[in-house]
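Enquirer: Top to bottom, those sequences are chains A and B.
One point on numbering: in UniProt numbering, the residue at position 445 of the first sequence is 445, and numbering is uninterrupted.
One point on numbering: in UniProt numbering, the residue at position 186 of the second sequence is 186, and numbering is uninterrupted.
Honestly, the hints are just simulated from the structure, not real lab data.
Careful: at least some of the hints might be erroneous.
[Claimed, not checked] Not the full set, but computed from the structure, chain A residues with beta-carbon under 7 angstroms of chain B:
{"#": "1", "residue": "Gly255"}
{"#": "2", "residue": "Ile357"}
{"#": "3", "residue": "Leu438"}
{"#": "4", "residue": "Leu456"}
What you are looking at is a predicted structure, and each value in this text was computed from that prediction instead of being measured.
Glycine included, each C-beta is placed from N, C-alpha and C at the ideal position.
There are 2 protein chains.
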Amino acid sequence: MSAHQPTGGLPIAGEQVPPILARLVEIVGPRATVAAGIRAGHGHSEAYHAARPPDVVVFPETREEVQAIVGACRDLRVPLVPFGAGTSLEGNTAALQGGVCLDMGRMNQVLAVHAEDMDVRVQPGITRKQLNAQLRDSGLFFPIDPGADASIGGMASTRASGTMAVRYGTMKDNVLALEVVLPDGRLIRTAQRARKSAAGYDLTRLFVGAEGTLGVITEVTLKLHPQPEAISSAVCAFPDLKAAVDTAIAVIQSGVPVARIELLDDVMMRGMNLHAKLGLPEVPHLFFEFHGSKAYVAEQAGTAAALAGEFGGLGFQWATTPEERSRLWQARDNTLYAGLALRPGARAMITDVCVPISRLAECLVATAKDIAESGIIAPVVGHVGDGNFHLLVLLDPESPAELSRAKAFNERLVRRAIALDGTCTGEHGIGLGKMDFLELELGEAVDAMRLVKGALDPLGIMNPGKIFRPAGPNHGEQP
Amino acid sequence: MSAHQPTGGLPIAGEQVPPILARLVEIVGPRATVAAGIRAGHGHSEAYHAARPPDVVVFPETREEVQAIVGACRDLRVPLVPFGAGTSLEGNTAALQGGVCLDMGRMNQVLAVHAEDMDVRVQPGITRKQLNAQLRDSGLFFPIDPGADASIGGMASTRASGTMAVRYGTMKDNVLALEVVLPDGRLIRTAQRARKSAAGYDLTRLFVGAEGTLGVITEVTLKLHPQPEAISSAVCAFPDLKAAVDTAIAVIQSGVPVARIELLDDVMMRGMNLHAKLGLPEVPHLFFEFHGSKAYVAEQAGTAAALAGEFGGLGFQWATTPEERSRLWQARDNTLYAGLALRPGARAMITDVCVPISRLAECLVATAKDIAESGIIAPVVGHVGDGNFHLLVLLDPESPAELSRAKAFNERLVRRAIALDGTCTGEHGIGLGKMDFLELELGEAVDAMRLVKGALDPLGIMNPGKIFRPAGPNHGEQP
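Bound-form chain A, shown alone (with noise of 0.2 angstroms):
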């Protein structure tokens, strides 16, 4: 096959080649392509925005390919954007200046396993499933689960974190160091495998949450945790959403270390009932889990059941069995799907904003009002003990009026958490979606960010228009 042959028997379908795929494929072979429907699968997400595909989707393999595709992106000026597994939220990975998209789903090995330092070396492209079935036999495990079963490389960029950040932390929290293609071409390791380092800049911390701006992600150094003794799940139903917020706080504030604490709304709860069968009251909910020993885990879910009582809370109902659980988390991870059982048909714009906790009742209550005033379907489901709630705006894909509605009310609902002293993204990241909010949110601080994207990648290259807008008037894409 001569280097001009590219795609290894993928149809070109008559599209003009791009004179990067040459270069290309000299570094990879066949696995550089410029396949119609694999371009098409790498521009759109499980978001809402509108799909833009790359011009060229390639497999690297090694970091050594990565960084001669760094280097060929830079010589030609191409824009690069790094792929995980495509679940992001926020359009982070759609290639809105074309270019090449990376995939890194072949780079998904697990490289070593220090069971007694409790951490593990991965390739990026591995998902958090595909870690914890490896790690089953180790008694560790690593604990963030956003829902999705993302890429570790893909979690890092966009600071993911999910149902157990209250109890494990974030990817931030998680991540012990990374091997980073520069937009240079070069290689670096962020940290070493030490527990804790004062070492200069904080590198790792830098590039998690980058959303593949700054660099390339080739490994991830993770902290990994005890596989618990014991777990034990509940479900507690609430008159109203300020009780159960209420007593979320109640049981943050007991130092009673919950592994996971979830908020559902009524709507939500109606959801899950239609798309999973929980049979369960379709008001507002708290679904608990606690880790530890076996006493300890008894102890903090009698402190939790009480507190929850003295809130008005109607009960604790105990996922027993270990079959019993998994349905219960199924069904949580599943509330995508549950809020699309709400309106058949329908898209979800999903969205995410985080508060401090004091604030959280009053946020929820004024955004059901202007949920009602709208008359939109949202339902709601939130990580409550970090005060970071998610809403699904159900969308008929086909009605401009309806996405632009949802545009504005997910402004307000932005704006309304900020005002909170919030976050207009508690974990999807900026991407597209949020990119106006930032500068809202940050002010001039994002000027500090775009100082540092124009150090590490004068060309701009990395994964351009995402995050925020270069400096002058007219740049960039409009989200």
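We have chain A already, so just place chain B on it with the hints.
Expert: Then chain B, alone, in the frame of chain A:
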């Protein structure tokens, strides 16, 4: 008083008045001083590094004053060194190129306690003990304890951690947001007060650990933690270092959330007996502390005691009253003086490294051999749950030969730690003392730090000559 009569009665002692002084006096009046004694007090630290006094010391009281001072330094290209309590250990605040020392000690107010959210907004000059005194009745506390009564701004700047990091994390984990004056004089907030966020680059973590080289911290929002219902402390003697370390690994792996687990070697125990009259056997010890409910503390302590027994521990001795507990940890906090008691008249070179816990015994045993072969006295104290330990190399302050021998020993120690996948500093920062080792540890990643520094501080006025040398030959100061 005219703008050019600067020091409010403080003597200038015949020295030349630096041109920056007039500008500073316009901003803060007599709170800018060139008094020799005050300058000298801001040029040295508890470290062994040579004193380098600033030309002027200024005591701002507001963020606006800090902005104006940074602006004046920028206009006149004068170096600026932020200064907290002066307890850093690697020459982090030495005024290598003279210039202005910004003593933040007057900005020491608690601005807001949010008890429901378990966070607090403070000015950077408040010390950790001052903060905890003010939190006493809130049911909350700030756990990070580096031993010295450091300022919160300084602790953020050096990414401090200390004895409770194993349970509560380091400053990286406990700073929610910062207010920072950038080198260009602009004031930014790095984050809102929400518990987590995925909104753009993690500027908070970029400034945590930047040692004042990227800007001046003017406000810190910290996570707080519930005061534990019960606290229990114990000490346990071990026949050798390895038995103590193996116990620590087993305790961490068991999932016991130990609040403190400190290793002290036989030499340090001798010093502690001399200094604090502890009357404990002069063999390696672990000092433990457990936090939680009464029942859970008892369970944790039982698990730890059983594990210590398995590894040859010689039995737990409990500090049952608050007074005994206080005496124990006070003695631990005073290990510097305990160490110095081993050689009256000596000064200590204090160094710290951190390795993966699985490599800790190997690192400690090799280091003990090196100490014996070097003929030095160097007691060990370590935050063993994190793999982090300190050595106090006792020196005759008048002997260049001893200093040189100690530096060579320190370099071997650091190289040993790095070879074991560890870091040249677990918690003291790079400052001057570890500058050459940062490059050894992280290679070209240091260039990425230089790019960030150049972007945010293009004139190089912020704490110059620290962490790394500028790119190119013959730049910066030799440590």
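Enquirer: Now tell me if each hint is right for this structure.
Expert: Each hint, compared with the structure:
1. Gly255: Result: holds, 4 angstroms to nearest chain B Cβ.
2. Ile357: Constraint on A/Ile357 satisfied, holds at 6 angstroms.
3. Leu438: 5 angstroms, holds
4. Leu456: Holds. Min distance 6 angstroms.
Violated hints are absent here; each numbered hint is respected by the structure.
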